[in-house]
Amino acid sequence: MENRIFLGLDNGNAYTKSSEGFSCQSGFTKSDVEPITKQNLLIYQGIYYSIGNNRSSVQLDKTQTQDAFIISLAAIADAINKAGIEQKADVFLGVGLPIIHY
Numbered sequence: 001m002e003n004r005i006f007l008g009l010d011n012g013n014a015y016t017k018s019s020e021g022f023s024c025q026s027g028f029t030k031s032d033v034e035p036i037t038k039q040n041l042l043i044y045q046g047i048y049y050s051i052g053n054n055r056s057s058v059q060l061d062k063t064q065t066q067d068a069f070i071i072s073l074a075a076i077a078d079a080i081n082k083a084g085i086e087q088k089a090d091v092f093l094g095v096g097l098p099i100i101h102y
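Quick note: the sequence shown, position 29, residue 29 per this note's numbering, numbers continuous.
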């Protein structure tokens with residue numbers, strides 16, 4: 001596949017940041033109905049996520065909930081949009097881990 005994106009991603013407790021300039025508070029509001037504002041809106045599996053409008057509680061293990069995954073999808077979508085890709089793309093993630101966990 002010729003559409004490739006290499007993306008560095010930091011799912012911080014306060015902010016999520018990417019190597020492509022994405023930055024938002026590490027939180028979202030989830031809704032079954034479409035919100036009025038479409039800014040920072042992610043639609044995943046029929047659910048609307050307003051990304052970055054609040055901060056989630058601190059999670060020591062981000063694999064226990066879907067929160068980091070949902071925010072990561074928003075960062076990936078941002079990178080795909082910035083690259084102008086309208087078809088499928090291979091996305092290679094470089095995800096950080098604090099040095100204390102090595």
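Do not take every clue at face value.
Said to hold, decoys possible - Taking lysine-lysine pairs in the BS3-like style, the calculated list, with each CA pair at most 30 angstroms apart, reads: (1) K62 - K38; (2) K62 - K88; (3) K82 - K62; (4) K88 - K30; (5) K82 - K17; (6) K17 - K62; (7) K30 - K62; (8) K88 - K38; (9) K38 - K82; (10) K17 - K30; (11) K88 - K17; (12) K30 - K82; (13) K17 - K38.
To be verified - Label-pair ranges, simulated between beta-carbon atoms: (14) Q39 - A89: 34 to 42 angstroms; (15) N40 - T65: 32 to 40 angstroms; (16) Y44 - Q64: 14 to 22 angstroms; (17) P35 - R55: 12 to 20 angstroms; (18) A89 - G12: 35 to 43 angstroms.
Hint data in this document are derived by calculation from the structure and do not stem from the laboratory.
Backbone N, C-alpha and C define an ideal beta-carbon position, used for all residues, glycine too.
Problem - Status of the given 34 to 42 angstroms range, CB of A89 versus CB of Q39 - result: Given a distance of about 23 angstroms, which is not inside 34 to 42 angstroms, the answer is violated.
Exercise for the section: Starting from the range 35 to 43 angstroms, see whether the pair A89 and G12 falls in it by beta-carbon distance. Expected result: The hinted range 35 to 43 angstroms is violated for A89 and G12, with Cβ atoms some 25 angstroms apart.
Practice task
For the pair we were handed, K82 and K17, check the Cα-Cα distance against 30 angstroms.
Solution key: Given that 30 angstroms is the threshold and the Cα spacing comes to 15 angstroms, the pair holds.
Problem - Hinted pair K88 and K30, Cα distance within 30 angstroms - result: Holds: K88 and K30 sit about 26 angstroms apart, inside 30 angstroms.
Practice task
Measure nothing beyond the straight line between the CA atoms of K30 and K62; if it is 30 angstroms or shorter, mark the hint as holding.
Solution key: holds, 18 angstroms
Practice task
Verify the proposed pairing of K17 with K30, using a straight-line Cα cut of 30 angstroms.
Solution key: Roughly 20 angstroms between the alpha carbons, so the hint for K17 and K30 holds.
Exercise for the section: Sort out whether K82 lies within 30 angstroms of K30, counting only the CA atoms. Expected result: Roughly 24 angstroms between the alpha carbons, so the hint for K30 and K82 holds.
Exercise for the section: Below or equal to 30 angstroms on CA atoms is what counts here, so check K17 against K62. Expected result: It holds: about 15 angstroms lies between the C-alpha atoms, which stays within 30 angstroms.
Practice task
Measure nothing beyond the straight line between the CA atoms of K38 and K82; if it is 30 angstroms or shorter, mark the hint as holding.
Solution key: OK: K38 and K82 at ~17 angstroms, within 30 angstroms.
Practice task
Given the hint that K62 pairs with K88, test it: the Cα-Cα distance must not exceed 30 angstroms.
Solution key: holds, 27 angstroms
Exercise for the section: Would you check the hint for K82 and K62, treating anything up to 30 angstroms between C-alpha atoms as holding? Expected result: With Cα atoms ~27 angstroms apart, K82 and K62 stay inside 30 angstroms; holds.
Practice task
Compare the distance between the alpha carbons of K88 and K17 with 30 angstroms, and conclude whether the hinted pair is satisfied.
Solution key: holds, 23 angstroms
Violated hints, listed in ascending order, are 14, 15 and 18; each of the other numbered hints is respected by the structure.
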